[in-house]
Amino acid sequence: MAVTLTVYYVTPWLRWDRGPFAPDQAVLVDLAHRRFYMFQIEIWPHEFYYVAGLLIMAGIGLFLVTSAVGRAWCGYACPQTVWTDLFVHVERLIDGDRNAQIKLLAAPWSMQKLLRRLSKHAIWLVIAVLTGGAWIFYFADAPTLARALVAGTAPSVAFATIAVLTATTYILGGLMREQVCIYMCPWPRIQSAMLDEKSLMVTYKDWRGEPRSHGLKRQAVEYADFTPPPAGDCIDCHACVAVCPTGIDIREGPQIGCITCGLCIDACDKVMAQVGRPDKLIGYTSVADTAIAVAGGTPLSPLRRLLRPRTLIYFTVWAGIGLAMLFSLGTRTRLDISVEPNRNPQWVRLSDGSIRNAYTVKIRNMESRPREVEVAISGIAGNAIWSESGNREDAGDRLRLRVGADQVAESLLFVAAPAASAAHTPINFTVRALDHEGGTDTTTTSFHRPGDE
Amino acid sequence: MVDPQPDPRLPASATRTADSRIDVATGTPTVGHSWDGIEELDTPMPRWWLLTFYASIVFAAVYAIAYPAIPLLHSATPGLLGWTSHSELNTALAAEQARQAPIRLALMRMPIEQLPNDPVLLHAAERGGRSAFKVHCVQCHGAGAAGSKGYPNLNDDDWLWGGDIKAIATTLADGIRYPGDDATRLSQMPAFGRDEILKPAEIADLVAHVRVISRQDRPNVAAMRGASLFATNCAVCHGDAGLGGRAVGAPNLTDAIWLYGGDRDALTATITNARGGVMPAWGQRLDPVTIKMLAAYVHSLGGGEKNPAAVISDVAPAAGNNVAR
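Protein chains in written order, with the working numbering: chain A, 1 to 453; chain B, 1 to 325.
There could be a bad hint or two in this list.
Here are a few chain A residues that sit away from chain B, every Cβ distance over 10 Å (derived from the structure) [stated by the list, open to error]:
1) TYR9
2) VAL29
3) MET57
4) GLY61
5) ALA242
6) ALA273
7) PRO309
8) PHE315
9) ARG332
10) ARG343
11) VAL348
12) ASP352
13) ALA358
14) VAL408
15) LEU434
16) GLY439
DSS-like mimics (lysine-lysine), calculated; alpha carbons at most 30 Å apart, straight line [stated by the list, open to error]:
17) A:LYS198 <-> A:LYS280
18) B:LYS199 <-> A:LYS362
19) B:LYS306 <-> A:LYS362
Sample of chain B residues at the chain A side, in silico, Cβ under 8 Å [to be verified]:
20) ASN155
21) ASP157
22) ILE257
Calculated from the structure, these hints are not laboratory results.
The structure presented is a predicted model; accordingly, all values stated were derived computationally and were not measured.
Glycine included, C-beta positions come from ideal geometry on N, C-alpha and C.
Kindly produce the complete structure, drawing on both the sequences and the hints.
The structure is reproduced here in structure tokens:
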């Protein structure tokens, strides 16, 4: 819980130097400028498949984790669990332990009860506001936005986002809690299909616990007159039920409400220690291991259990996507050209009889510095290209352009060629960076002539 | 068996008849009718639905008072807030005008021939001109400014009255042969055939000559006869070599661009009946900033010429006083 919360709150404040032309926030989703920064990786909107790839990896990662160690995501990393845990901690701090809470709930309204209720909900709200507040820092420069928030000059969408997230955090984490897991979240249903007999689950070891007793001493009294039946380790104290955040009784077997948070394991271990029985009456184990244990054998080693076709296939797919993404990230070009022939008019006859086409050329410079580039044409007779600000007299087969840092430069370029040829001739546009890093991109489009009118 | 009691939360309903009874399974009253033994439950609307319904009634009442709502004979009730869609539009327009004001002021102050030296302002002017063109110019020159027969293509590099940005602005402001503008571009080609200045055979010879100098036909006897006719009748405006003259808007007859067509029939019709297109003097209708924007846009279409050097400035038509206003 501490780890996940720290990651969430601290990440937007990490800095990452990208030079003078790009923001220095390590992780930034810049919606206004359509950029996504993650450490040294910068993603443009057209590269959004990287984000899609990450999401697919996250999905398969969930499958992998689930088939390997059960619902670890739900119990340890899911924001719902993390924030619910945080809220429960606050509640325990103010209202005391479970018994005190029950007592307080039953007590008539007094000044003290009112004070406790108020302070609890106030702290919850503060946490919720901070949660929503941290979220928006991912979308803007964190220190600037923080100052603007305090001064009240931040954009209204920032305040609205905070308000919405405050409400969801407060309601989902403070008021609804396990109801979200049981009734709202689709993952438990999907998860049931992910688990197999070798997945780790929180398991009540019924072969050890049953039949339940109420403690050996009490049993001795109860069965003073005849031989007591063989007693299991479970003393039916309901500690596991009391701590369960989703309110299930784990002793009824694996069920959809269980988020494998392991709180019942800790509670039961405490009781087992008090009554002097071996611990892990409730523990992480798999269906297969259970069968072995019931038969009296020794369970497989954890490593053997991990290495099975299902986990290996998940891992292969997961790692494959990751490697493919890393590879394409490493080899992607940071210079891009797209050319669109102007269609109205498709062609213009010039006074010397030649034909001129106009092209809207977009050059995408994805580096965080301005670049000098050269656009060259090929495949067309005449090879005369000039820009809107130039003219035909000094046209050649290439021209120089300057593209600002992290920008798409759009320019209108003209190409002239003799009229006598086919109605459509392919023409290639090649952009080449003139700095030492280089980089090039080519696109092919059409040169239009009057043709058969 | 105890008679079921109605749910105390349920309101009495007017739809129930005297035969209404309480349904045992649901505790809900029936409407009292029996259709072949089938009875209908009189289940009340859900409370949340009713509350929403009442709230919308209240909202509608408040809305009808606050905003224009009830239609009268000539207008509607104005509403307490005084809102109108016109005022909303005017507010939006005023805001947009305020946003554009600095650009328009800078354009107002910038002499048109110096506009190409200011790339930022030029770009703004081109964007504004693109919008204005769609409103005022596309009717004749076409959406892509490609023109049609009789309406010049503004994309090409052939200009009758000059293609530098100032000449374009002058043409825009004062128009071509436009009655009612003293500074308008004026010239009149004689109708050589209709007014019987030349005989049809002579016109045919002239056509042959024009087709030779525009390199559409090989030299021939008729063209040689036409050459001397050209020198006496046409060269005064179109030049000895047929290169045209911008002072009078006489087109270059040797290039590949024909406003009214370069084939034999079209040329014959042109010489017989004369040509002389008319363009409105937009300076009378549009403000000077819009004229500048339009000039910048037309100049940017690909055929725009550089400002003439001072020495040859007399080739370009005399600057109209409208340009500076």
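Do the hints match the structure? See the list:
no.	hint	verdict
1	TYR9	holds (38 Å)
2	VAL29	holds (29 Å)
3	MET57	holds (43 Å)
4	GLY61	holds (42 Å)
5	ALA242	holds (35 Å)
6	ALA273	holds (52 Å)
7	PRO309	holds (52 Å)
8	PHE315	holds (50 Å)
9	ARG332	holds (31 Å)
10	ARG343	violated (8 Å)
11	VAL348	violated (4 Å)
12	ASP352	violated (7 Å)
13	ALA358	violated (6 Å)
14	VAL408	holds (16 Å)
15	LEU434	holds (21 Å)
16	GLY439	holds (27 Å)
17	A:LYS198 <-> A:LYS280	holds (18 Å)
18	B:LYS199 <-> A:LYS362	violated (58 Å)
19	B:LYS306 <-> A:LYS362	holds (26 Å)
20	ASN155	holds (4 Å)
21	ASP157	holds (5 Å)
22	ILE257	holds (5 Å)
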